[in-house]
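Engineer: Heads up: the sequence shown begins at 1 in my numbering, then just goes up one per residue.
Bear in mind the hints are in silico, worked out from the structure with no lab data behind them.
Here the structure is a predicted model, which is why all the values come from computation and not from measurement.
It is possible that part of the hints are untrue.
As the list claims (entries may be wrong) - Label pairs and their calculated CB-CB ranges:
#	residue 1	residue 2	range
1	70	98	31 to 41 Å
2	47	159	24 to 34 Å
3	26	157	35 to 45 Å
4	73	98	31 to 41 Å
5	88	58	18 to 28 Å
6	55	106	38 to 48 Å
7	69	94	29 to 39 Å
From the three backbone atoms N, C-alpha and C, an ideal C-beta is built for every residue, glycine too.
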Amino acid sequence: MLSLNGWVMDERSYAARLAASLLAIPLTIQTDRRAEIFGPTLGDDEGVYCVGLYEILRHFSRLPDVERAWPEGEARHALEWALEALESFSQARRQALGATLPEKAETDDVTLIFRVLEDRLSHAYLNGQEWLSGVSVGFIDIAVFPIAGLARDLGIAMDLYPAIRRFVRKVRQLPGFVTMPGIAACH
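Please take these sequences and the hints and turn them into a complete structure.
Structural biologist: So this is what it looks like as structure tokens:
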């Protein structure tokens, strides 16, 4: 059985849990606060480990019962952007929520992430694709969902991002969706 070593409040650990749940991959979860800084790790009964969200998602794509293909070409670049955006968002969120004095969480970098995500989602929608990954939810969508779902934690007004709000609603309706503390029920 696969075991995720993560932290419940870490966005990357949540993305791994969400991927496993949406893909119906059985997973035990072990709390490891180190994941808050270093990201999640995945192990199995034989001691094989994947370190980081990229490697975990890649491992999931190789499992025999998983019907999601690993992105190639332009989709691979989109996944790499999504993972980098999630890492930047995660750092900004940790910094804002862990600050002893109030700190502006919506930095220029965070605003850029949301604008690019809005553009990508709008472009996909206008081209008849329901998801960033194509016709079905995939690894790109899973990687960006914590960004979209946790926007309120950083005080980001979602009025300017209708495609992101639509995306959050669609993901929340998927069979197997699991939530994380901080993800608002409405967008």
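Engineer: So the hint says 29 to 39 Å: do the beta-carbon atoms of residue 69 and residue 94 match that?
Structural biologist: holds, 32 Å
Engineer: Just to be sure I understand the hint, the distance between the Cβ atoms of residue 70 and residue 98 should be within 31 to 41 Å; is that true here?
Structural biologist: Check passed, 34 Å falls within 31 to 41 Å.
Engineer: Go ahead and decide if the range 38 to 48 Å is satisfied by the Cβ distance of residue 55 to residue 106.
Structural biologist: violated, 30 Å
Engineer: For the range 18 to 28 Å, tell me whether the beta carbons of residue 88 and residue 58 fit it or not.
Structural biologist: Given about 21 Å between the Cβ atoms, the range holds.
Engineer: Take a look at whether the Cβ-Cβ distance between residue 47 and residue 159 falls inside 24 to 34 Å.
Structural biologist: violated, 48 Å
Engineer: Taking the Cβ atom of residue 73 and the Cβ atom of residue 98, is their distance within the range 31 to 41 Å?
Structural biologist: holds, 38 Å
Engineer: Holds or violated: the 35 to 45 Å window for the beta-carbon distance between residue 26 and residue 157?
Structural biologist: holds, 39 Å
Checked against the numbered hints listed earlier, the structure breaks hints 2 and 6; every other hint is satisfied.
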